[in-house]
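My numbering numbers the first residue of the sequence shown as 1318 and each following residue consecutively.
Source of the hints: derived by calculation from the structure; they are not laboratory data.
Any given hint might turn out to be false.
Computed spacing ranges between beta-carbons, pair by pair [stated by the list, open to error]: (1) Ala1345 to Trp1383: 29 to 39 Å; (2) Arg1405 to Val1377: 28 to 38 Å; (3) Gly1416 to Val1338: 19 to 29 Å; (4) Val1381 to Ala1321: 32 to 42 Å; (5) Met1420 to Val1363: 13 to 23 Å; (6) Ser1342 to Phe1319: 14 to 24 Å; (7) Ala1321 to Arg1353: 32 to 42 Å; (8) Gly1370 to Thr1401: 38 to 48 Å; (9) Gly1407 to Val1381: 39 to 49 Å; (10) Val1363 to Gly1417: 14 to 24 Å.
Every residue, glycine too, gets a C-beta built ideally from N, C-alpha and C.
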Amino acid sequence: MFVATVICSVLLALAFAGTGVGKASGKADIVDGLGRLGVSPPLVRVIGLLELGGAAGVAVGLAVAWLGIAAAIGLAALMIGAITTHLRAGDYGEPTRRGGALMPVALLLLAVATLVLRAATS
């Protein structure tokens, strides 16, 4: 089961490292896209920093179980916020925006899987 934990943790860390860099650096297309959802540029940067911290926590959490568990919980909470934001914007009912709106759902599932696996192997 630890192999599954490593795979999920690495995937989760890579996914959030990738998305976090763009947000934390204030990449224009990301800031504009989230601005459409009502997210201010300073909040986009904060979210990016939280994603980067969560990615690091999940990676280090392979050696320090409690940190991996805490990081997975934090990333899951971020994705619940993202899903709520997309729901309020009506993205799940709009075919042209549905693809991007489904990413937080997939990342939430991966965060929960990582959390459960890490808790089971600690």
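Quick rundown of the hints versus the structure:
no.: 1; hint: Ala1345 to Trp1383: 29 to 39 Å; result: holds (38 Å)
no.: 2; hint: Arg1405 to Val1377: 28 to 38 Å; result: holds (34 Å)
no.: 3; hint: Gly1416 to Val1338: 19 to 29 Å; result: holds (21 Å)
no.: 4; hint: Val1381 to Ala1321: 32 to 42 Å; result: violated (19 Å)
no.: 5; hint: Met1420 to Val1363: 13 to 23 Å; result: holds (19 Å)
no.: 6; hint: Ser1342 to Phe1319: 14 to 24 Å; result: violated (34 Å)
no.: 7; hint: Ala1321 to Arg1353: 32 to 42 Å; result: holds (37 Å)
no.: 8; hint: Gly1370 to Thr1401: 38 to 48 Å; result: violated (21 Å)
no.: 9; hint: Gly1407 to Val1381: 39 to 49 Å; result: holds (41 Å)
no.: 10; hint: Val1363 to Gly1417: 14 to 24 Å; result: holds (20 Å)
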